[in-house]
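S.K.: Produce the complete structure using the sequences and hints provided.
These are the residues of each chain, in order.
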Amino acid sequence: MQPAARRRLLVVLASLTLALLLADLAGWAGADRLRSVGGLVLGPVQRALSGAPHDELAAVQAENVRLRTVAAEQQHRLDELGRLEELLGSGVTTGRTLVPARVVATDVSPLGGRSVTIDVGSRDGVRPDSTVVAADGLVGRVTAVSPWTADVQVLGSAGSVVAVRVGPAGTLATVSPPAAGDSESRPRGSLRLTGVVPATPVVGDVVRTLGSVDETPYAAGIVVGTVTAVDPDRGQLTRSATVRPAIDVDAIDVVGVLVPTARSTTRPTTRPTTRPTTLATTGPTTGAPR
Amino acid sequence: MRPTLLGLLRTAYVLVAALLVATLLPRLGVPPRWVPDLVLVGVVATAVLRGPVHGALVGLLAGWVVELVPPVGSPLGLTALVMMVAGFVAGFFRRTSSRSRLRAPVALLVAGVVVLAGRLAAAVVGDGSVEVVEGLWRLGVTVALGALLLPAFLALDRALVRRRLG
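Quick mapping for you: the protein sequence lines, in order, are chains R and E.
Taking this note's numbering as reference, the numbering of the first sequence is continuous, increasing by one, and the terminal residue is 290.
Taking this note's numbering as reference, the numbering of the second sequence is continuous, increasing by one, and the terminal residue is 166.
Treat the hints with caution; some may be incorrect.
Stated by the list, open to error - Computed footprint of chain E on chain R, listed as stretches where at least three residues anywhere in the stretch have a Cβ under 8 Å from a Cβ of chain E:
id	region
1	2-15
2	18-25
3	33-41
As the list claims (entries may be wrong) - A few chain R residues that don't get close to chain E, going by computed Cβ distances all over 10 Å:
id	residue
4	L98
5	D136
6	T174
7	T270
Derived by calculation from the structure, the hints in this document are not laboratory data.
The C-beta atom is built at its ideal place from N, Cα and C for all residues, glycine as well.
M.R.: In structure tokens form, the structure reads like this:
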């Protein structure tokens with residue numbers, strides 16, 4: 001070959017290569033086809049060279065991988081079942097009707113809102129403003145419902161306020177996320193308890209939901225958390241305190257959506273038996289009105 | 001242009017070398033830093049005997065072979081262009097008058113530096129990552145092996161040309 005012809009060939013080939021390089025960088029589909037040609041032609045040679053395993057060995061290995069996957073899947077289901085059992089056996093759900101659900105997505109908004117998506121929706125009977133509980137206590141309330149999923153506003157997200165009763169006496173208060181203008185610093189993840197009536201909460205008091213009409217948005221008597229610290233008395237009308245939530249908001253998995261059950265029978269009147277009565281009067285009704 | 005024995009040998013060498021580097025040596029448990037760039041040795045052997053243009057041409061074609069041996073390079077054609085430049089540069093070491101034994105290994109060293117620089121440049125431009133120490137290590141291994149192989153290749157090439165087979 002003449003030197004001039006050789007130079008021309010080099011230029012042509014180099015230009016072709018450069019064009020192909022740019023085309024590949026630009027995402028041209030033909031480059032992928034060229035790649036597969038390389039694999040098609042030289043792949044068998046490489047397989048032979050590298051001593052690809054015999055068929056039987058390969059089959060056994062594939063079976064092994066499959067079985068390991070199955071075992072992992074079973075373990076996962078067992079874990080899940082355990083969590084569901086825990087939820088169904090816990091005191092939170094005793095005597096209530098609920099739809100079990102799993103958290104399928106979670107979102108922490110930059111504004112402080114924390115919401116999760118669960119895998120049940122309006123087709124499963126979930127309505128907006130239903131109470132969502134976990135084995136340990138209150139998770140939050142349903143804010144939006146689609147046919148197959150529902151969004152839950154988690155306890156402690158911005159804008160979530162729960163009316164509660166504190167301690168054995170059941171003084172009224174609200175639980176909300178720590179606000180920006182809070183006078184006390186609270187540990188990360190804890191909530192702020194603000195009294196509605198002038199009463200002093202005690203460290204260790206259990207905080208339960210007050211409940212609302214028709215059990216929406218919050219059913220009554222569900223554990224919200226425990227009082228961990230009481231803010232000092234600075235002469236304010238009502239005392240506030242720090243509450244540690246009963247659930248771990250970062251690790252919510254199996255939850256239950258409470259189905260509100262309307263009371264259909266009237267509440268019977270009762271006669272106190274502990275105190276000997278001389279007057280035949282009708283005793284007071286027990287319990288707080290729900 | 002009819003195929004010559006030398007051309008066939010070169011093609012076979014490049015194919016075998018590319019497969020060795022890509023498949024067999026890693027399969028045999030050779031760590032990546034000990035795998036020499038055998039294809040580059042072949043390209044330099046041709047380039048130091050025949051000059052820049054021929055070297056560039058051989059480098060380009062050999063680079064395409066390397067590119068198409070799976071795992072296929074990405075982006076396609078980059079190795080070919082880098083090898084072309086390496087062959088071109090190695091071709092400048094052609095001296096018909098000098099008989100020094102160091103000429104071919106030095107050409108290989110320079111070509112290896114070109115390949116390494118090409119990889120580095122691609123990594124910088126494409127936001128990729130490259131192991132510089134490992135690259136230098138491979139360069140050293142390639143030059144050491146090339147110093148052994150190149151005299152044999154050059155002697156074979158000259159013998160074939162003398163017998164009008166090249």
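S.K.: Take the hints in turn and mark each one as holding or not.
M.R.: Hints and how they fare:
{"no.": "1", "hint": "2-15", "in the structure": "holds (count 7)"}
{"no.": "2", "hint": "18-25", "in the structure": "holds (count 5)"}
{"no.": "3", "hint": "33-41", "in the structure": "holds (count 6)"}
{"no.": "4", "hint": "L98", "in the structure": "holds (51 Å)"}
{"no.": "5", "hint": "D136", "in the structure": "holds (45 Å)"}
{"no.": "6", "hint": "T174", "in the structure": "holds (52 Å)"}
{"no.": "7", "hint": "T270", "in the structure": "holds (77 Å)"}
When each numbered hint is compared with the structure, no violation occurs for any of them.
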